[in-house]
Amino acid sequence: MKKSLLLISLVMVFSLQGFSQLISDGFEAWTGGDPDGWMGIKSSIESDSVIQYSTSVHGGTYAAQLVNAQSSHKRFTTDSVSVNGGDYYAISYWVRGHGNIRTNSVDISGSGTYGTYNSYHNINSATWTQYIDTVMIPNSGPLYAEFIFSVQYTEADIDHIQIDDVTITALSIVTPDVSIYDIQYSVGGDSPYDGQAVNTGGIVTAVTIDTTGYWLQAGSGSWSGIYVLDYNNIPAIGDSITLTGTVDEWYNLTELKSVSNYTVVSSGNPVQSYDIAATAADTEEYESVLLSVTNEECLDTWVGYGMWAIGVVGDSLFVGDDIYDYNPTQGTHYNVTGVLYYSYSTWELLPRMASDVSEYTGIEENGISAEIYPNPASDFVQINADMNGTVEIFNINGQLVYNAEFNNSLRINVSEFNSGLYNIVLTNENGTRNTQRILVD
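Those letters in the sequence shown? Residues 13 to 453, by the working numbering.
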């Protein structure tokens, strides 16, 4: 939360009077070697590394000295307090010494969900300095939480880290409503809202296999999609949802995390994909957008990590198996729909289901000659083919939306279809199929 917390810390130089104070402690009372009101169940620092300190204090008689010379952080937490998930709290504290210190919160009501850690403050001074950090309680609704001081790399030259006069105050911070487009649009790559909590919403276009995340999209095209890391909610494709989440750049993938206020507005909504050439797809503006590529040649069936390549030699797009695994044939041309994902410095298109990958067919395939027009269509689709059998139409979600007997010619009313891409599958009496894709606008 580098950008937002710097801004909030500067703005919050004013007095916190008028807000609800949750904790105010100067480490004056100790019992059994531990400060009263501290060493909650999520503390990972040992008791002998939390020391009653009197050499230099900010106020009163004692401060708390925290010792952890290791690179792995240690948590020093408050006892549990009753709070509301999604609310913001200001942690004001005075600190001196040598080492790194940061703040956070954790829900201990059952989920054990941690909030987003603030950036470390690099402390190297014998002078007491005040910091005011802002944390958001994870999840939503009434719960019990602990507030965290996390320390690492403390050094003995200024007696490690000492903290004093801690106050934790509830804030009335209004979370802004921000569109997915505005979250994603950036000239430099990172979101302008990196580290900030936002309210947003969209249609679910894909869900991970392990149901720890999903993709949201509002409209289609550039900057319209975003990945949501969410361990608590499992939506379905086509759900329209609103939520509050913290924008995070995870290895250059813009995502939402620390989700709260999750609401399903409606279900079964049409999902829009954006038609694009494979050679133009692997760019920042299409990150997490549901894309469809047509008539792209499989250049390589294995490029590592479950991916295969489509496009043209020297300018290919990888297709990944993170959600749906498909075994392609080199040299075959494919139609592929999927969300564009960024992982390990690689762009990959992730199909979601079997209907997202099909072999490209021209006018004639396997002896079935078919004429389908107009394309795009708005009122009707005319199908002419020298065959008897069936015709099926599938939407972009893989759902069957139309089927009928077919005998040489058929005119289908598509005026009530939702806008988007559809696969038309003709199957003759011998089981031979012809698949073509149309756009209904």
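If you are wondering where the hints come from, they were derived from the structure by calculation, not from laboratory data.
There may be inaccurate statements among the hints.
Listed next, the in silico DMTMM-like pairs over lysine to aspartate or glutamate satisfying Cα-Cα at most 25 Å (straight line) [what the hints assert, rightly or not]: (1) Lys269 <-> Asp189; (2) Lys269 <-> Glu309; (3) Lys269 <-> Asp312; (4) Lys269 <-> Asp99.
Pair by pair, the computed Cβ-Cβ distance ranges are [said to hold, decoys possible]: (5) Ala289 <-> Ser355: 18 to 24 Å; (6) Gly318 <-> Gly201: 21 to 27 Å; (7) Asn400 <-> Tyr356: 46 to 52 Å; (8) Tyr129 <-> Ile424: 54 to 60 Å; (9) Gln33 <-> Tyr126: 20 to 26 Å; (10) Glu261 <-> Trp314: 28 to 34 Å; (11) Leu265 <-> Ser191: 15 to 21 Å; (12) Gly201 <-> Thr275: 39 to 45 Å; (13) Trp314 <-> Gln394: 38 to 44 Å.
On a predicted model such as this, the values are computed, not experimentally measured, just so you know.
Glycine is no exception: its CB is placed at the ideal position from the N, C-alpha and C atoms.
Comparing the hints with the structure gives:
Straight-line distance between C-alpha atoms of Lys269 and Asp189 comes to about 16 Å, which keeps the hinted pair within the 25 Å bound. For the given pair, Lys269 sits about 36 Å from Glu309 by alpha-carbon distance, which is inconsistent with the 25 Å threshold. Our distance criterion of 25 Å between C-alpha atoms is broken by Lys269 and Asp312, whose separation comes to about 35 Å. Taking the CA atoms of Lys269 and Asp99, the gap is near 15 Å; set against the 25 Å cutoff, the hint holds.
At about 22 Å, the CB distance of Ala289 to Ser355 agrees with the hint of 18 to 24 Å. Gly318 and Gly201 have their C-beta atoms about 26 Å apart, which keeps the hinted 21 to 27 Å range intact. For Asn400 and Tyr356, the Cβ-Cβ distance of about 50 Å falls inside the hinted range of 46 to 52 Å, so the restraint holds. Between Tyr129 and Ile424, the C-beta spacing of about 55 Å keeps the proposed range 54 to 60 Å intact.
For Gln33 and Tyr126, the hinted distance range of 20 to 26 Å is satisfied, since their beta carbons lie about 24 Å from each other. Here the CB-CB span from Glu261 to Trp314 is close to 30 Å, well matched to the stated 28 to 34 Å. Here the CB-CB span from Leu265 to Ser191 is close to 19 Å, well matched to the stated 15 to 21 Å. Checked against the hint of 39 to 45 Å, the pair Gly201 and Thr275 fails, with Cβ atoms roughly 30 Å apart.
Between Trp314 and Gln394 the beta carbon distance is about 41 Å. The supplied range of 38 to 44 Å therefore holds.
Comparing the model with each earlier hint shows violations of hints 2, 3, 12; every other hint is respected.
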